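Those protein sequences? They're chains A and C, same order as listed.
Residues in the first sequence are numbered consecutively from 943, following this note's numbering.
Residues in the second sequence are numbered consecutively from 10, following this note's numbering.
No lab work stands behind these hints, which were simulated from the structure alone.
In this text, all values refer to a predicted model and were calculated from it rather than measured experimentally.
Cβ atoms here follow ideal geometry from the backbone N, Cα and C, with glycine treated the same way.
Check each hint, because a few of them may be wrong.
Said to hold, decoys possible - No more than 20 Å apart at the CA atoms, straight line, and that leaves these computed lysine to aspartate or glutamate pairs for EDC-like:
id, chain 1, residue 1, chain 2, residue 2
1, A, Lys952, C, Glu120
2, C, Lys62, C, Glu72
3, A, Lys952, C, Asp49
4, A, Lys952, C, Glu95
5, A, Lys1050, A, Glu963
Claimed, not checked - Derived list of chain A stretches under chain C, where covered just means 3 residues or more per stretch with a C-beta under 8 Å from a C-beta of chain C:
id, region
6, 952 to 959
7, 1032 to 1040
8, 1066 to 1075
9, 1127 to 1135
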Amino acid sequence: MTDRVPLERKVLNENDRIAAELRARFRENGILCLNLISSPGAGKTSLLERTLGTMAPGTRVAVLTGDIQTDNDARRLARFGFPVKQITTGGTCHLDARMIERALADWKLADLDLLLIENVGNLVCPSSYDLGEAAKIVLLSAAEGDDKPLKYPSIFFRAALLVLNKIDLLEHVPFDIARARENARRIQPKIEILEVSCLTGAGLEAWHGWLDHRCQRAQMEAALPAG
Amino acid sequence: MHELGIAKSVLEAVCSEVGKRAGARVVKVGLRIGELAGVDPDALQFSFECLVKDTPLDPLPLEIEFCPRQQRCPACGHAFCVADYETSCPKCGAAPTECIGGTELEFSYLELEET
Ligand SMILES: Nc1nc2c(ncn2[C@@H]2O[C@H](COP(=O)(O)OP(=O)(O)O)[C@@H](O)[C@H]2O)c(=O)[nH]1
Ligand SMILES: [Mg+2]
Ligand SMILES: [Zn+2]
Chain A
943 MTDRVPLERK
953 VLNENDRIAA
963 ELRARFRENG
973 ILCLNLISSP
983 GAGKTSLLER
993 TLGTMAPGTR
1003 VAVLTGDIQT
1013 DNDARRLARF
1023 GFPVKQITTG
1033 GTCHLDARMI
1043 ERALADWKLA
1053 DLDLLLIENV
1063 GNLVCPSSYD
1073 LGEAAKIVLL
1083 SAAEGDDKPL
1093 KYPSIFFRAA
1103 LLVLNKIDLL
1113 EHVPFDIARA
1123 RENARRIQPK
1133 IEILEVSCLT
1143 GAGLEAWHGW
1153 LDHRCQRAQM
1163 EAALPAG
Chain C
10 MHELGIAKSV
20 LEAVCSEVGK
30 RAGARVVKVG
40 LRIGELAGVD
50 PDALQFSFEC
60 LVKDTPLDPL
70 PLEIEFCPRQ
80 QRCPACGHAF
90 CVADYETSCP
100 KCGAAPTECI
110 GGTELEFSYL
120 ELEET
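Chain A on its own, in the form it takes in the complex (with noise of 0.2 Å):
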């Protein structure tokens, strides 16, 4: 005799119950966090670099990157002089809530206002797990094609921002940066697009007044009562 019984139950429910946490953690404390997302080579670091470059000494901002292997972009982010830690998965294709909750074990969250976190260069992978941050944001650069979007929904579906990278390149490769746009939205009608070259510093300004709205709602966030 077999049962069938109905089980409703999320396959990744232990990693959603830790990134809730981390997500109340990160709103009493009024952080912002956002999780970077690409292909490798998109240009996560460069977005990070670019970051940390325009920010004030003492800014409460600190960043994890995330790579399979070596602590490259660890050390170019360090040079920034802000607290910047490697999580190296040692052939895992992402980041997972649990990683984060280790790597933010020995930082203290009520001296931060803004942590960046650069996942595994993966466009499929990362968009299963949750790490509790506010919005994903997914690069995406000219070099890659304009179809990525519908060939790898899963990601464009979940990010709240695209930031179109390597716009300097546009007038040598076959990139069609209006139809790059429109799959996106056809994927996520509700998803920001940012156009920008980490290389030339254009459309930068945008992708600077983005985050500081962001971190702004973070605090709001943050004063009102929980819930």
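Chain A is already provided as a structure; the job is to place chain C with the ligands on it using the hints.
Chain C with the ligands only, in chain A's frame:
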């Protein structure tokens, strides 16, 4: 390729659910995977088979139900499956509509046998 990690989470969850039900043996597992879940059903199926082989649960078939993206129109209430990425309402044309299905990465059932 994170399907192996997902398969591991599936197996752990099955073990913990079976642990709660004394005297039962699990003989089949049902999952729902949405088209926006970022998980490839075939790769998951294969990874799960490989993992289960080394456990006392073997053989344990996994039935995966693939869930298409579904939207609901806030204006007229119409619910529809998305075809060709078109998310505006096919009845009244309203946009944007709200996503109500397609992100699933969840269990649907366990088939149990008394031991
Ligand atoms: N031409 C151009 N190259 C860029 C731009 N942004 C980053 N790069 C280059 O792209 C490569 C990969 O960038 P990186 O930030 O390491 O990418 P990540 O793997 O996503 O962290 C590096 O050689 C960067 O110098 C850009 O806007 N234009
Ligand atoms: Mg990097
Ligand atoms: Zn309608």
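Cross-check of the supplied hints:
Between A/Lys952 and C/Glu120 the alpha-carbon distance is near 17 Å, which keeps this suggested pair within the 20 Å criterion. Distance check on the hinted pair: C/Lys62 and C/Glu72 sit about 16 Å apart at the alpha-carbon level, within 20 Å; holds. About 16 Å separates the Cα atoms of A/Lys952 and C/Asp49, which keeps this hinted pair within 20 Å; it holds. Pair hint A/Lys952 plus C/Glu95 does not hold up; C-alpha atoms about 28 Å apart against a cutoff of 20 Å.
With a C-alpha separation of about 16 Å, the suggested pair A/Lys1050 and A/Glu963 falls inside the 20 Å cut-off, and the hint holds. Counting residues of the region 952 to 959 of chain A whose C-beta lies closer than 8 Å to any C-beta of chain C gives 6; at least three are required, and the coverage claim holds. Coverage of the region 1032 to 1040 of chain A by chain C holds in this model, with 3 residues showing a Cβ closer than 8 Å to a Cβ of that chain against a need of three. Against chain C, the region 1066 to 1075 of chain A contributes 4 residues with a C-beta closer than 8 Å to a partner C-beta. That satisfies the three-residue criterion, and the hint holds.
Counting residues of the region 1127 to 1135 of chain A whose CB lies closer than 8 Å to any CB of chain C gives 4, so the stated coverage by that chain holds, three being the minimum.
Of the numbered hints stated above, the single one contradicted by the structure is hint 4.
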